[in-house]
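First to last, the protein sequences are chains A, F and P.
Just so we're on the same page, my numbering is the position in the first sequence counted from 1, plus 54.
Just so we're on the same page, my numbering is the position in the second sequence counted from 1, plus 107.
Just so we're on the same page, my numbering is the position in the third sequence counted from 1, plus 16.
Take these hints with a grain of salt, some might be off.
What the hints assert, rightly or not - Cβ-to-Cβ under 7 Å is the rule here; a few derived chain F residues that face chain A: (1) Asn148; (2) Asp149; (3) Phe251; (4) Met255.
Stated by the list, open to error - The calculated lysine-lysine pairs, modelled on DSS-like cross-linking and capped at a C-alpha distance of 25 Å, are: (5) P:Lys122 to F:Lys147; (6) P:Lys122 to P:Lys133; (7) A:Lys169 to P:Lys122; (8) F:Lys147 to A:Lys169; (9) A:Lys169 to P:Lys32.
These aren't lab readings, by the way, just hints derived from the structure by calculation.
No experiment lies behind these values; they were computed from the predicted model shown.
Note that the Cβ used here is the ideal one computed from N, Cα and C, for glycine as well.
These are the residues of each chain, in order.
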Amino acid sequence: MTYLWAFLVGGALCLLAQLLIDRTALTPARILVAYVVLGVLLGALGLYQPLVELAGCGATTPLVGFGFRIAEGVRKAIAEKGALGVLTGPLTAAAGGTTAALMSGLLAAVFFHAKPKN
Amino acid sequence: MAHGILTMRRPVYLLDAASVGGHEEAAGPLGAYLDRHDAKNDDFGQDTWEAAESEMNRLAAEVLLTRAGLDAAEIGALFAGDLLNQCTGSGYGLLPFDVPYFGLYGACSTAAEGLLLAALFVDHFGGRAMSAASSHFCSAERQFRFPMEYGGQRTPTSQWTVTGAAAFLLGGDRAEAARHGRAVRIAEALPGITIDQGITDANNMGAAMAPAAADTILRYLRESGREPQSFDMIVTGDLGAEGASILCELCRAGGAELAGVHRDCGLLIYDRAATDKHAGGSGCGCSALVLAGYLLAQLRAGTLGDILLVGTGALLSPMVVQQGRSIPGIAHLVRITTKEATA
Amino acid sequence: MQTDTTYKDYAKSHAKKSPLARDCARAFLVGGAICAAAEGLTTLYEYLGAAQETAGLLVSLTLIVLTALLTGIGVFDRIARFAGAGTLVPITGFANAVAACAVDAKSEGWILGVGAKMFTIAGPVIVYGTAAGVVCGLAEWLAGLLR
Numbered sequence: 055m056t057y058l059w060a061f062l063v064g065g066a067l068c069l070l071a072q073l074l075i076d077r078t079a080l081t082p083a084r085i086l087v088a089y090v091v092l093g094v095l096l097g098a099l100g101l102y103q104p105l106v107e108l109a110g111c112g113a114t115t116p117l118v119g120f121g122f123r124i125a126e127g128v129r130k131a132i133a134e135k136g137a138l139g140v141l142t143g144p145l146t147a148a149a150g151g152t153t154a155a156l157m158s159g160l161l162a163a164v165f166f167h168a169k170p171k172n
Numbered sequence: 108m109a110h111g112i113l114t115m116r117r118p119v120y121l122l123d124a125a126s127v128g129g130h131e132e133a134a135g136p137l138g139a140y141l142d143r144h145d146a147k148n149d150d151f152g153q154d155t156w157e158a159a160e161s162e163m164n165r166l167a168a169e170v171l172l173t174r175a176g177l178d179a180a181e182i183g184a185l186f187a188g189d190l191l192n193q194c195t196g197s198g199y200g201l202l203p204f205d206v207p208y209f210g211l212y213g214a215c216s217t218a219a220e221g222l223l224l225a226a227l228f229v230d231h232f233g234g235r236a237m238s239a240a241s242s243h244f245c246s247a248e249r250q251f252r253f254p255m256e257y258g259g260q261r262t263p264t265s266q267w268t269v270t271g272a273a274a275f276l277l278g279g280d281r282a283e284a285a286r287h288g289r290a291v292r293i294a295e296a297l298p299g300i301t302i303d304q305g306i307t308d309a310n311n312m313g314a315a316m317a318p319a320a321a322d323t324i325l326r327y328l329r330e331s332g333r334e335p336q337s338f339d340m341i342v343t344g345d346l347g348a349e350g351a352s353i354l355c356e357l358c359r360a361g362g363a364e365l366a367g368v369h370r371d372c373g374l375l376i377y378d379r380a381a382t383d384k385h386a387g388g389s390g391c392g393c394s395a396l397v398l399a400g401y402l403l404a405q406l407r408a409g410t411l412g413d414i415l416l417v418g419t420g421a422l423l424s425p426m427v428v429q430q431g432r433s434i435p436g437i438a439h440l441v442r443i444t445t446k447e448a449t450a
Numbered sequence: 017m018q019t020d021t022t023y024k025d026y027a028k029s030h031a032k033k034s035p036l037a038r039d040c041a042r043a044f045l046v047g048g049a050i051c052a053a054a055e056g057l058t059t060l061y062e063y064l065g066a067a068q069e070t071a072g073l074l075v076s077l078t079l080i081v082l083t084a085l086l087t088g089i090g091v092f093d094r095i096a097r098f099a100g101a102g103t104l105v106p107i108t109g110f111a112n113a114v115a116a117c118a119v120d121a122k123s124e125g126w127i128l129g130v131g132a133k134m135f136t137i138a139g140p141v142i143v144y145g146t147a148a149g150v151v152c153g154l155a156e157w158l159a160g161l162l163r
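All chains should be built: construct the whole structure from the sequences, respecting the hints.
Okay, structure coming up:
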């Protein structure tokens, strides 16, 4: 059942973004920033967790979920370190994905070079 | 009369032209007209896209001079430009040729701008002059838009930067001009005035440039007293489908009906039905390749007799667009004809 | 001659619009498929013994590495042209932005090219995601004090 919800919720978040791209002056960059910030806000307010429980990756794989992870990380860091957690929380939560992207990008640059489009 | 049509006082001929294109251009409807092309990956054997663009420039100039049997010492001036910052595409590519060098920036109107200036040079000083213009899809994307492998979508009004370079040779000798067919003459020119009508969408260059094209064309028609239909073709550089449509409406509102006589290089160079090129081709190389190959061939053969080439350019930079500024356009007009010059 | 506002409006209304239904359908289907596949991978990793949090990270890692690979071989942008927001919104978009910038900047060298330009496109997401996290964190901490 989670698979169906993952598909539907993930698809819906993508559909909304596509709608905004096609019909508003908002650039993809702005939309993605809005998504991640939205994820942080909803996560901090505890409003995103139900969606995560319902749709699993449908909620966490989209960029909104990245923001949600940041909010969770901040909450945990504050609980462990107090005020310092405000500074250490966000990037720590983002560390896994960011480092993975960084390393994959670096390796891609080692092994590949740009090709013209067809 | 300060902004009027510049009429050549002596015959100035487009003696010859050479063009070099990429794989898309070679596979397109006008591919047969290219003198050289890279059928594989547009790198022309170089390590970077910028060097590839320079190499295209070098090849075009080399083919041109070799075919004409001339060396650099016989060329009075070279007017060249491209889309890259500081025009390094043409600047570095044309380094081997020791000709007095004028670097130009007219964005996609550079081919027409260079041709215009070279014609004026020959008209005044005699002898021979060259002009050149180039663009490369990959180097332009890097500078103006996104990395090649980035997964973004292009809007329907966006255009495809042509990978191509062309070099043009101008001179006053009729015998030289008649070597390949009818003698093709640069008869008149009308320099463009920059016009900004508030377009901020960098993906809709056609709309940004159309007002400038309309302005130049209408000014020319008004002063010359000619009707659009008296020309075999009024061909714009790269308005694309979007800009061409707007141009026709703007001209109609200004009293000139372009239907039937208007063509656009951006729409000629690719088969838009078969390939995903959205609104059509763009870039300095667009009008350069179409003029150097297809148009020159038709003029020499006599299928075209009297045409107006209107190179169009959008004078933006990515940074300035990020700062919220709108995009100015410019259009330079050159009348190219096989009709004899009247005394 | 028309004023700037009216020509801009005219050009906007004249401009050919993207086929909305087609784009949205593609984004929905591909985006949904990626998320469903991620869900499947999560189940697989948990089955292979990973704890829940570890599995989540492993799934992200899988998607990121796969995206970088497809970006490097020159296939991802073709998928993305079709899928639009379907590949942009999931973590695949982030990974592609980083990989594409890295590969493209190679010609300017490893330090000033790849190193400096890798996050040109993905940077804002990190900056504003972190900033939002700090702001919310601050609010949470203050709220905790007041309790």
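With a cut-off of 25 Å on the C-alpha distance, tell me whether Lys169 (chain A) and Lys122 (chain P) pass.
holds (13 Å)
At a threshold of 7 Å, is the proposed contact between Phe251 (chain F) and chain A supported by beta-carbon distances?
violated (14 Å)
Agreement of Lys147 (chain F) and Lys169 (chain A) with the hint, judged by alpha carbon distance not exceeding 25 Å:
holds (10 Å)
Restraint status (C-alpha distance of Lys169 (chain A) to Lys32 (chain P) at most 25 Å):
Violated, at roughly 29 Å.
For the hint on Asn148 (chain F), does the least C-beta distance to chain A fall short of 7 Å?
Holds, because the Cβ-Cβ distance from Asn148 (chain F) to chain A comes to roughly 6 Å (cut-off 7 Å).
Could you grab the alpha-carbon distance between Lys122 (chain P) and Lys133 (chain P) and see if it respects the 25 Å cut-off?
holds (10 Å)
Given the hinted pair Lys122 (chain P) and Lys147 (chain F), is their alpha-carbon gap at most 25 Å?
holds (21 Å)
Under the criterion of a CB-CB separation shorter than 7 Å, is Met255 (chain F) in contact with chain A as hinted?
holds (4 Å)
Hint Asp149 (chain F) vs chain A: min CB-CB distance below 7 Å?
holds (5 Å)
Checked against the numbered hints above, the structure violates hints 3, 9; every other hint is satisfied.
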